[in-house]
Amino acid sequence: MKTPPIVSAQKWEAARQQLLVKEKELTRARDALAAERRRMPWLAVKKNYKFDGPKGKVSLLDLFEGRRQLILYRAFLEPGVKGWPEHACIGCSMVADQVAHVAHLNVRNTTLAFASRASQKDIERVKARMGWEMPWYTITDDFDKDFGVDEWHGTNAFIRDDDSVFRTYFINERGDEQMGNTWNYLDITALGRQEEWEDSPEGYPQTPPYEWWIWHDEPKTADEDRPGLVQLRAARAASKGGDIT
Amino acid sequence: MKLAETELNREIVSEAEWLVARKDLLRREKEFTRQRDALSAARRSLPMVKIDKNYVFEGPDGKETLADLFDGRSQLIVYHFMFGPDWDEGCKSCSYLADHFDGANWHLPHRDVTFVAISRAPLPKLEAYKKRLGWRFKWLSSQGNDFNFDYHVSFTKEEEQKNKVYYNYATGEFISDELPGLSVFYKDENGDVFHTYSAYARGLDYLVGTYNFLDLVPKGRDENPDSTMDWVRRHDEYLA
Numbered sequence: 001m002k003t004p005p006i007v008s009a010q011k012w013e014a015a016r017q018q019l020l021v022k023e024k025e026l027t028r029a030r031d032a033l034a035a036e037r038r039r040m041p042w043l044a045v046k047k048n049y050k051f052d053g054p055k056g057k058v059s060l061l062d063l064f065e066g067r068r069q070l071i072l073y074r075a076f077l078e079p080g081v082k083g084w085p086e087h088a089c090i091g092c093s094m095v096a097d098q099v100a101h102v103a104h105l106n107v108r109n110t111t112l113a114f115a116s117r118a119s120q121k122d123i124e125r126v127k128a129r130m131g132w133e134m135p136w137y138t139i140t141d142d143f144d145k146d147f148g149v150d151e152w153h154g155t156n157a158f159i160r161d162d163d164s165v166f167r168t169y170f171i172n173e174r175g176d177e178q179m180g181n182t183w184n185y186l187d188i189t190a191l192g193r194q195e196e197w198e199d200s201p202e203g204y205p206q207t208p209p210y211e212w213w214i215w216h217d218e219p220k221t222a223d224e225d226r227p228g229l230v231q232l233r234a235a236r237a238a239s240k241g242g243d244i245t
Numbered sequence: 001m002k003l004a005e006t007e008l009n010r011e012i013v014s015e016a017e018w019l020v021a022r023k024d025l026l027r028r029e030k031e032f033t034r035q036r037d038a039l040s041a042a043r044r045s046l047p048m049v050k051i052d053k054n055y056v057f058e059g060p061d062g063k064e065t066l067a068d069l070f071d072g073r074s075q076l077i078v079y080h081f082m083f084g085p086d087w088d089e090g091c092k093s094c095s096y097l098a099d100h101f102d103g104a105n106w107h108l109p110h111r112d113v114t115f116v117a118i119s120r121a122p123l124p125k126l127e128a129y130k131k132r133l134g135w136r137f138k139w140l141s142s143q144g145n146d147f148n149f150d151y152h153v154s155f156t157k158e159e160e161q162k163n164k165v166y167y168n169y170a171t172g173e174f175i176s177d178e179l180p181g182l183s184v185f186y187k188d189e190n191g192d193v194f195h196t197y198s199a200y201a202r203g204l205d206y207l208v209g210t211y212n213f214l215d216l217v218p219k220g221r222d223e224n225p226d227s228t229m230d231w232v233r234r235h236d237e238y239l240a
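Going down the list, the sequences are from chains A and B.
Take 1 as the starting number for the first sequence in the working numbering and just add one per residue.
Take 1 as the starting number for the second sequence in the working numbering and just add one per residue.
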């Protein structure tokens, strides 16, 4: 690997200062985007959706657990998804790994939950196996279709006014990356995500995107037939563009 | 809990109108994602500084040098966790960030990255606090070496008296004897270690998954602009 120039501390500082100006611009741009999100119009949710939860049938309103806001991530855990019945989809598993202690969201009057098609029994088993603790519900009706998550992962945000529920936001595809800080950490390393699409200096190690993902409890192997890799290749081949960039 | 009580009143629209507004915002979100990719590319082109000092840390595996901490990988991320030698607890805001470390750390080793936290407090204090909050990441003490001072996250009594410190690439007033930061190092085939990146203050913001979630909801982070992390507690100290 041909590295960037190796310089004195003083020269590094100058280069770092220059980059910092751009980083600050992006931080401000991100604040401005979040401000626009807070001004998005709201869409009333009129259907009475039902989910299965650990204690039986619940409504979308129940998913708020009494809090003001609800973020609902649609994870693929169900028959037909590679990894079943041991695992959720590899990417959804990676997202689930990165949900931090939910206490911090809860004190901001916000509940984070996951939803899938698998039964509660199956969901409980996979949660226990992977050490995940967020609430996770079973979709039983057209919820996934109506909220754009019947075929692909995605995140919906809702707010409630007493018993009325409103959809305020939806994001999917690369928009879901911001929910995981593995990507954020990799973006500050010298080598980046080490994925082929990245604009990196000549000769940097790079592999196809997605294919390095693992289930965190899977045995270490370089096997090309490992289930995660097979699943990802199939999913990418089946998806419209297959291009994350 | 009526909306009218809180001045939070958004226009309520039809699905078609909502989609128009959402798509307009999506266009700008995509621009932002591309800008962010470009910025990450610029980071990978930053020059590097060779490290000649021999820092030795005290950790769960005994004494280890900065080069040892790579643990066989070529990249090392160090979170500078604010925990001064005479403090009884780690900083509460760093603890909030630290609640996000372990999830990412399942996956970072698979991209040739080792992640550790380093503080000036003695190791037994770090280990007791880590146990209390249920964390798994490796945490080492830099007590007795210059590491925290060299990477501008700990400050001397002299700097405090002069009320002048260098932090986040600028000189400003003294705030605290410890401040948050994150540094990145690279180790080449010869075993030489280089400093590639450090970030401080709001540069750490996007490592906080909770903020990323809160940026999606109508009320946002809902913080006091003059003291943003006022509401944060250690996760075992929230009342409800």
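To be clear, the hints were calculated from the coordinates, so they are not data collected in a lab.
Glycine included, every Cβ here is placed at the ideal spot set by N, Cα and C.
Don't take each hint at face value.
Unchecked claim - Capping the alpha-carbon separation at 25 Å, the derived lysine-lysine pairs in DSS-like fashion look like this:
1) LYS2/A to LYS219/B
2) LYS46/A to LYS50/B
3) LYS24/A to LYS30/B
4) LYS127/A to LYS164/B
5) LYS145/A to LYS53/B
6) LYS127/A to LYS82/A
7) LYS164/B to LYS30/B
8) LYS131/B to LYS127/A
9) LYS23/B to LYS47/A
10) LYS46/A to LYS23/B
11) LYS164/B to LYS11/A
12) LYS53/B to LYS2/A
13) LYS130/B to LYS22/A
To be verified - Computed beta-carbon distance windows for the label pairs:
14) ASN54/B to ASN109/A: 31 to 37 Å
15) ALA170/B to GLU65/A: 28 to 34 Å
16) GLU17/B to ARG28/A: 38 to 44 Å
17) GLN206/A to ASN163/B: 44 to 50 Å
These are the hints, each one checked on the structure:
A hinted pair counts as satisfied when its Cα atoms are at most 25 Å apart, and LYS2/A with LYS219/B does not qualify at roughly 47 Å. Among the hinted pairs, LYS46/A with LYS50/B is inconsistent with the structure: their alpha-carbon atoms are about 61 Å apart, more than 25 Å. Straight-line distance between C-alpha atoms of LYS24/A and LYS30/B comes to about 18 Å, which keeps the hinted pair within the 25 Å bound. Taken as a hint, the LYS127/A and LYS164/B pair is broken in the structure, with Cα atoms around 50 Å apart against an allowance of 25 Å.
Between the alpha carbons of LYS145/A and LYS53/B the distance comes to roughly 59 Å, so the proposed pair goes past 25 Å and is violated. For a cut-off of 25 Å, the pair hint linking LYS127/A to LYS82/A stands: about 17 Å separates their Cα positions. For the given pair, LYS164/B sits about 41 Å from LYS30/B by alpha-carbon distance, which is inconsistent with the 25 Å threshold. For a cut-off of 25 Å, the pair hint linking LYS131/B to LYS127/A stands: about 23 Å separates their Cα positions.
For a cut-off of 25 Å, the pair hint linking LYS23/B to LYS47/A stands: about 23 Å separates their Cα positions. For the hint pairing LYS46/A with LYS23/B, the CA-to-CA distance comes to about 22 Å; that is within 25 Å, so the pair holds. For the hint linking LYS164/B to LYS11/A, the alpha-carbon distance of about 23 Å falls within 25 Å, and the restraint holds. Between LYS53/B and LYS2/A the CA atoms are separated by roughly 24 Å; this keeps the pair inside 25 Å, and the hint holds.
At most 25 Å may separate the alpha-carbon atoms for a hinted pair to count; LYS130/B and LYS22/A exceed this at roughly 35 Å. Remark: the range hint 31 to 37 Å for ASN54/B to ASN109/A is contradicted by a beta-carbon distance near 50 Å. Checking the proposed 28 to 34 Å range against ALA170/B and GLU65/A shows it is violated: the Cβ atoms sit about 43 Å from each other. A beta carbon spacing of about 29 Å between GLU17/B and ARG28/A contradicts the range 38 to 44 Å that was offered as a hint.
For the hinted restraint 44 to 50 Å between GLN206/A and ASN163/B, the CB-CB distance of approximately 47 Å keeps it satisfied.
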